[in-house]
Amino acid sequence: MKFVRNFFYLLGQGIVGVFRNSVMSTASILVLVCCMLIVGTFGLVVKAINDNLQRVDTLNVIVAYINPAATDEDIQKMKKDIESYSTDITVEYVDKKTGLERLKEEMGSEIDLEMYLRDERLNPLPDTFEINFSSAEGAEALNNYINNLDNITDTRHKIGLVEKVNTASKGLMAIAVILMGVLLLVALFVIMNTIKLGVFARRDEIAVMRYVGATNTFIITPFLIEGIIIGTFSACLAYGIQYYLYTQVISDIVRSYGIGTIAPFGETAFVVGAGFLGIGLFAGIIASGISIKRYLSE
Amino acid sequence: MKFVRNFFYLLGQGIVGVFRNSVMSTASILVLVCCMLIVGTFGLVVKAINDNLQRVDTLNVIVAYINPAATDEDIQKMKKDIESYSTDITVEYVDKKTGLERLKEEMGSEIDLEMYLRDERLNPLPDTFEINFSSAEGAEALNNYINNLDNITDTRHKIGLVEKVNTASKGLMAIAVILMGVLLLVALFVIMNTIKLGVFARRDEIAVMRYVGATNTFIITPFLIEGIIIGTFSACLAYGIQYYLYTQVISDIVRSYGIGTIAPFGETAFVVGAGFLGIGLFAGIIASGISIKRYLSE
Amino acid sequence: MITFQNVSMVYPNGTAALRNVNLQINDGEFVFIVGKSGAGKTTLTKLLMGEERVTGGQLHTGKFKLEKLSKRKIPYLRRTMGVVFQDFRLFSNKTVYENIAFALRVIGEKPSVIRKRVPVFLNLVELTDKADRFPDELSGGEQQRVAFARALVNNPKMIIADEPTGNVDPEMSKELMDLLMRVNKLGKTVIVVTHEKDLVDIFKKRVVTIRDGEIVSDRAGGYADEIC
Amino acid sequence: MITFQNVSMVYPNGTAALRNVNLQINDGEFVFIVGKSGAGKTTLTKLLMGEERVTGGQLHTGKFKLEKLSKRKIPYLRRTMGVVFQDFRLFSNKTVYENIAFALRVIGEKPSVIRKRVPVFLNLVELTDKADRFPDELSGGEQQRVAFARALVNNPKMIIADEPTGNVDPEMSKELMDLLMRVNKLGKTVIVVTHEKDLVDIFKKRVVTIRDGEIVSDRAGGYADEIC
Ligand SMILES: Nc1ncnc2c1ncn2[C@@H]1O[C@H](COP(=O)(O)OP(=O)(O)OP(=O)(O)O)[C@@H](O)[C@H]1O
Ligand SMILES: Nc1ncnc2c1ncn2[C@@H]1O[C@H](COP(=O)(O)OP(=O)(O)OP(=O)(O)O)[C@@H](O)[C@H]1O
Ligand SMILES: [Mg+2]
Ligand SMILES: [Mg+2]
Numbered sequence: 000m001k002f003v004r005n006f007f008y009l010l011g012q013g014i015v016g017v018f019r020n021s022v023m024s025t026a027s028i029l030v031l032v033c034c035m036l037i038v039g040t041f042g043l044v045v046k047a048i049n050d051n052l053q054r055v056d057t058l059n060v061i062v063a064y065i066n067p068a069a070t071d072e073d074i075q076k077m078k079k080d081i082e083s084y085s086t087d088i089t090v091e092y093v094d095k096k097t098g099l100e101r102l103k104e105e106m107g108s109e110i111d112l113e114m115y116l117r118d119e120r121l122n123p124l125p126d127t128f129e130i131n132f133s134s135a136e137g138a139e140a141l142n143n144y145i146n147n148l149d150n151i152t153d154t155r156h157k158i159g160l161v162e163k164v165n166t167a168s169k170g171l172m173a174i175a176v177i178l179m180g181v182l183l184l185v186a187l188f189v190i191m192n193t194i195k196l197g198v199f200a201r202r203d204e205i206a207v208m209r210y211v212g213a214t215n216t217f218i219i220t221p222f223l224i225e226g227i228i229i230g231t232f233s234a235c236l237a238y239g240i241q242y243y244l245y246t247q248v249i250s251d252i253v254r255s256y257g258i259g260t261i262a263p264f265g266e267t268a269f270v271v272g273a274g275f276l277g278i279g280l281f282a283g284i285i286a287s288g289i290s291i292k293r294y295l296s297e
Numbered sequence: 000m001k002f003v004r005n006f007f008y009l010l011g012q013g014i015v016g017v018f019r020n021s022v023m024s025t026a027s028i029l030v031l032v033c034c035m036l037i038v039g040t041f042g043l044v045v046k047a048i049n050d051n052l053q054r055v056d057t058l059n060v061i062v063a064y065i066n067p068a069a070t071d072e073d074i075q076k077m078k079k080d081i082e083s084y085s086t087d088i089t090v091e092y093v094d095k096k097t098g099l100e101r102l103k104e105e106m107g108s109e110i111d112l113e114m115y116l117r118d119e120r121l122n123p124l125p126d127t128f129e130i131n132f133s134s135a136e137g138a139e140a141l142n143n144y145i146n147n148l149d150n151i152t153d154t155r156h157k158i159g160l161v162e163k164v165n166t167a168s169k170g171l172m173a174i175a176v177i178l179m180g181v182l183l184l185v186a187l188f189v190i191m192n193t194i195k196l197g198v199f200a201r202r203d204e205i206a207v208m209r210y211v212g213a214t215n216t217f218i219i220t221p222f223l224i225e226g227i228i229i230g231t232f233s234a235c236l237a238y239g240i241q242y243y244l245y246t247q248v249i250s251d252i253v254r255s256y257g258i259g260t261i262a263p264f265g266e267t268a269f270v271v272g273a274g275f276l277g278i279g280l281f282a283g284i285i286a287s288g289i290s291i292k293r294y295l296s297e
Numbered sequence: 000m001i002t003f004q005n006v007s008m009v010y011p012n013g014t015a016a017l018r019n020v021n022l023q024i025n026d027g028e029f030v031f032i033v034g035k036s037g038a039g040k041t042t043l044t045k046l047l048m049g050e051e052r053v054t055g056g057q058l059h060t061g062k063f064k065l066e067k068l069s070k071r072k073i074p075y076l077r078r079t080m081g082v083v084f085q086d087f088r089l090f091s092n093k094t095v096y097e098n099i100a101f102a103l104r105v106i107g108e109k110p111s112v113i114r115k116r117v118p119v120f121l122n123l124v125e126l127t128d129k130a131d132r133f134p135d136e137l138s139g140g141e142q143q144r145v146a147f148a149r150a151l152v153n154n155p156k157m158i159i160a161d162e163p164t165g166n167v168d169p170e171m172s173k174e175l176m177d178l179l180m181r182v183n184k185l186g187k188t189v190i191v192v193t194h195e196k197d198l199v200d201i202f203k204k205r206v207v208t209i210r211d212g213e214i215v216s217d218r219a220g221g222y223a224d225e226i227c
Numbered sequence: 000m001i002t003f004q005n006v007s008m009v010y011p012n013g014t015a016a017l018r019n020v021n022l023q024i025n026d027g028e029f030v031f032i033v034g035k036s037g038a039g040k041t042t043l044t045k046l047l048m049g050e051e052r053v054t055g056g057q058l059h060t061g062k063f064k065l066e067k068l069s070k071r072k073i074p075y076l077r078r079t080m081g082v083v084f085q086d087f088r089l090f091s092n093k094t095v096y097e098n099i100a101f102a103l104r105v106i107g108e109k110p111s112v113i114r115k116r117v118p119v120f121l122n123l124v125e126l127t128d129k130a131d132r133f134p135d136e137l138s139g140g141e142q143q144r145v146a147f148a149r150a151l152v153n154n155p156k157m158i159i160a161d162e163p164t165g166n167v168d169p170e171m172s173k174e175l176m177d178l179l180m181r182v183n184k185l186g187k188t189v190i191v192v193t194h195e196k197d198l199v200d201i202f203k204k205r206v207v208t209i210r211d212g213e214i215v216s217d218r219a220g221g222y223a224d225e226i227c
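Chains as they are written, first to last, in numbering that gives the first Met the number 0: chain Y, 0 to 297; chain E, 0 to 297; chain W, 0 to 227; chain V, 0 to 227.
If you are wondering where the hints come from, they were derived from the structure by calculation, not from laboratory data. Please note that a few of the clues may not be correct.
Examples of chain E residues toward chain Y, derived with CB under 8 Å [stated by the list, open to error]:
| hint | residue |
| --- | --- |
| 1 | Leu29 |
| 2 | Met179 |
| 3 | Gly180 |
| 4 | Leu183 |
| 5 | Leu184 |
| 6 | Phe188 |
| 7 | Leu196 |
| 8 | Phe199 |
| 9 | Ala200 |
| 10 | Cys235 |
Everything numeric in this text was worked out from a predicted model, so none of it was measured. Beta carbons: idealized from backbone N, C-alpha and C, even for Gly.
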């Protein structure tokens with residue numbers, strides 16, 4: 000009963016604290032929200048990039064040119080050989096006629112390829128295999144393997160590009176993590192500050208409290224609650240903004256650039272929410288805990 | 000004499016203030032440095048992108064296919080027409096043989112184009128004009144103009160891509176500006192906080208100062224100096240880090256990706272330095288000014 | 000019961016504020032502590048309330064052994080005593096009413112009890128009409144009386160007052176002393192540090208005189224003139 | 000010369016602390032201000048030092064017209080007077096020496112002068128051996144004496160002391176009063192707010208009695224017994 004009474008009194012004091020020091024509370028919330036949004040946005044963008052990369056089939060392809068001198072049996076055997084290399088790949092035989100037709104489609108009307116289609120001997124293209132693989136890892140080895148087969152004159156692939164894109168998205172994530180770390184530190188400082196200012200503003204009050212027999216718990220609780228409120232509120236706000244940013248802004252950009260598709264927010268909503276709340280509570284509790292503890296132990 | 004004596008005393012007090020409140024001073028400096036580095040890095044990266052874009056000639060080209068039925072006079076006349084469209088463009092006539100040679104070079108060994116080179120009638124390529132323009136602006140109109148000329152069957156260009164890249168780098172800059180704005184606000188808050196904590200910690204002292212006849216200037220100056228020191232120090236630190244980031248990290252990335260070249264730091268050193276110092280002093284003076292003013296007017 | 004046994008107190012800077020003090024104060028006693036400025040009177044009250052710790056000897060009040068009391072128990076020690084400080088120590092951002100109520104709030108008292116007790120004590124120190132003022136809207140004497148009411152409101156076993164009449168006029172002084180007498184009659188221990196010779200002379204009570212940190216006289220009635 | 004002309008002072012909360020006060024204090028006079036707690040004594044000193052502003056009438060001290068003094072001039076007003084506050088108001092993070100030196104620092108005094116004057120005043124209040132202490136390492140009476148030294152050190156034309164002896168023993172009380180007398184003999188105006196009947200009776204000086212914000216008596220010698 001006494002405990003409950005005290006709890007509500009102290010909860011009230013914590014809420015009062017948030018408003019009493021409104022400029023600083025605003026600052027804390029601002030910084031925390033920034034921190035969360037930067038993490039969230041970078042994370043979601045990188046995720047979108049990765050999702051899309053996996054869908055861009057043309058990147059995960061090796062085209063192998065077959066020696067014109069190879070016989071049909073040779074070709075059949077080669078196809079088997081390549082297929083047995085790994086279960087993760089599919090091999091398609093594209094003869095030179097199909098190749099030319101595809102080229103014609105791609106080039107459009109301005110180049111007249113009709114005559115080459117009519118007379119097979121004029122077709123400059125070789126027969127090819129198109130080998131689809133699922134992950135860039137090991138693709139280099141696969142490429143070497145194919146290249147060394149008899150009757151394969153050459154291969155073409157974009158493995159380097161895939162790797163570059165991967166590295167770039169990792170780099171982006173690294174920047175996000177660094178930015179986040181720094182901002183989290185800043186957020187911690189700012190909240191510490193806010194709480195510390197609160198403690199300072201009330202240091203005479205705290206001193207007197209101790210003289211009339213208030214326990215440390217009684218003194219600390221309002222500040223902890225202040226930190227928790229700031230953290231939680233920031234998380235909610237950031238979640239709302241992130242939702243808007245994702246469903247409106249990012250999706251819009253992706254769509255208008257035709258860069259790819261983007262997963263609905265719902266898929267990651269829980270992770271984002273939990274992450275934000277985690278950051279908020281962590282920052283709020285740690286910061287207020289540290290600043291008041293240090294003061295009381297003085 | 001009295002003024003000079005006072006000045007040195009107050010300067011000393013300001014320096015003492017920075018150290019007395021070292022945790023908060025550190026926080027302020029941290030935030031300010033972050034703010035500066037984000038602005039600086041984004042700015043420099045965007046500049047590098049723009050610099051490189053201008054150098055990528057292949058993007059600023061329209062290829063116009065000429066009707067095979069056109070006579071040499073038609074072609075000469077067309078060339079003149081196009082050249083007279085604007086002084087900012089250059090027009091090159093590429094006949095189908097040259098085109099095929101270029102193609103052969105590009106394709107490498109695996110496709111045998113020899114026979115097409117030997118017999119001109121087999122050459123599937125049309126004659127073309129290559130029109131170089133300097134800015135993406137107006138390129139669309141130019142393209143339309145060329146397309147509508149008699150004897151031009153079609154054009155190819157990457158104007159859309161240029162625009163996309165431009166938009167992307169503008170987007171990047173916009174993000175930088177927003178981030179910077181927010182961080183600057185945060186930095187302002189944090190410094191205000193630092194100074195405010197200082198004012199709070201010394202509020203009894205300030206009250207007593209006023210009782211013994213200290214003027215407002217005498218009371219305010221140490222806090223202003225504190226702000227200026229924090230701002231200046233942050234600017235120097237950020238400049239150092241930016242220098243390292245630019246000359247080592249960014250250049251390294253650019254080089255290893257082979258994305259393009261990058262201007263030496265010296266070219267922008269002054270702008271960066273002045274910008275950082277400006278941000279630092281602005282934040283330092285404004286923040287300390289506001290927080291102490293508000294306190295004194297209470 | 001309070002017992003000082005060979006108590007000494009040396010401040011970190013080396014000042015020996017109390018030396019080898021032996022003193023016993025029984026429950027329900029009324030004691031004046033007198034002595035020159037800097038003699039160690041305030042130090043003695045600080046020891047009693049656990050603000051400073053003895054550096055030698057033993058000090059017990061009730062069940063609390065102060066020479067080895069853990070920090071976490073100090074709040075409970077303080078709830079057994081009401082203290083009036085030389086510099087009041089009021090909450091500057093709480094009204095007079097809230098200042099007094101806070102001593103009850105801290106011990107988790109019911110709001111209904113708080114609403115009943117506070118006005119009684121406000122009336123006792125003649126501040127009913129200033130209940131909603133903040134401390135800096137009060138005169139020095141008025142602040143001292145608020146401190147008085149706060150010390151008494153949670154019905155402590157012991158009252159310690161350091162110069163409780165330093166800022167009030169002689170008439171009010173006498174009234175506050177009378178109040179302490181009445182409180183004492185209710186069975187509470189009262190310890191008063193004071194310089195006011197007149198008062199000490201009027202109330203024939205036990206007087207402990209401190210000089211340079213030592214007890215030099217301990218007897219009933221009258222200010223020890225030869226010392227000050 | 001200080002002149003109060005129909006001065007009244009009503010606090011923002013409506014308390015009329017002073018009503019229609021007429022008073023003239025000549026340069027070099029020594030005046031006691033007495034009266035019950037809450038009578039308006041401290042308010043009167045606050046008006047003199049520009050901490051509060053008159054809400055009616057005119058108040059002049061020297062060349063300063065306080066009823067219309069701009070905020071920016073207040074520091075210069077305060078440099079003409081040394082004030083000893085009821086609650087000391089020392090710098091808690093400055094040593095005794097620095098506390099006293101600060102009053103000189105504020106007016107831009109030369110370090111050489113500061114080094115010469117401060118020890119003299121430390122000696123005057125018998126605190127030479129405690130020069131390096133911080134205020135909270137001092138007893139109440141010692142703090143009051145530091146405040147005294149600070150008020151005197153920059154050689155002001157006027158000294159205002161609010162309950163300067165509230166926290167010191169009778170002997171020290173007398174000594175501090177003697178000090179004020181000496182200062183007065185040097186030609187300085189001295190205004191002392193006090194409750195100490197004894198002192199007022201001993202020094203046969205002008206006594207102004209305030210009751211409920213009004214001056215009810217103004218005569219030489221002796222505490223106005225009938226009033227308090
Ligand atoms: N800041 C303030 N706001 C409102 N009322 C005030 C304020 N300061 C003082 N008062 C009121 O004005 C009246 C006079 O106060 P003042 O401090 O001048 O009394 P005093 O004569 O100095 O008393 P004491 O001897 O107790 O110090 C009192 O009724 C007090 O409650
Ligand atoms: N925190 C402290 N640190 C160091 N010395 C202190 C501290 N507090 C008091 N002293 C010294 O201890 C001695 C006793 O101080 P105390 O405050 O007990 O005196 P007091 O009897 O209450 O005097 P007064 O009547 O002036 O209030 C004095 O010499 C004082 O300078
Ligand atoms: Mg004392
Ligand atoms: Mg007063």
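Structure-based check of each hint:
Checking Leu29/E against chain Y: minimum C-beta separation of about 6 Å stays under 8 Å; hint holds. With a least beta-carbon distance of about 11 Å to chain Y, the hint placing Met179/E at the interface is violated under the 8 Å criterion. With a least beta-carbon distance of about 11 Å to chain Y, the hint placing Gly180/E at the interface is violated under the 8 Å criterion. Because the smallest distance between the Cβ of Leu183/E and any Cβ of chain Y comes to about 11 Å, over 8 Å, the interface hint for this residue is violated.
Evaluation of the Leu184/E hint against chain Y yields a held restraint, the C-beta minimum of about 7 Å falling below 8 Å. Checking Phe188/E against chain Y by beta carbon gives a least distance of about 3 Å; that is within 8 Å, so the hint holds. About 6 Å separates the beta-carbon of Leu196/E from the nearest beta-carbon of chain Y, less than 8 Å, and the hint is met. This hint holds: Phe199/E has a C-beta 4 Å from the nearest C-beta of chain Y, less than the 8 Å allowed.
About 6 Å separates the beta-carbon of Ala200/E from the nearest beta-carbon of chain Y, less than 8 Å, and the hint is met. For Cys235/E, the shortest C-beta to C-beta distance to chain Y is roughly 18 Å, which exceeds 8 Å, and the interface hint is violated.
Hint violations for this structure: numbers 2, 3, 4 and 10, all remaining hints satisfied.
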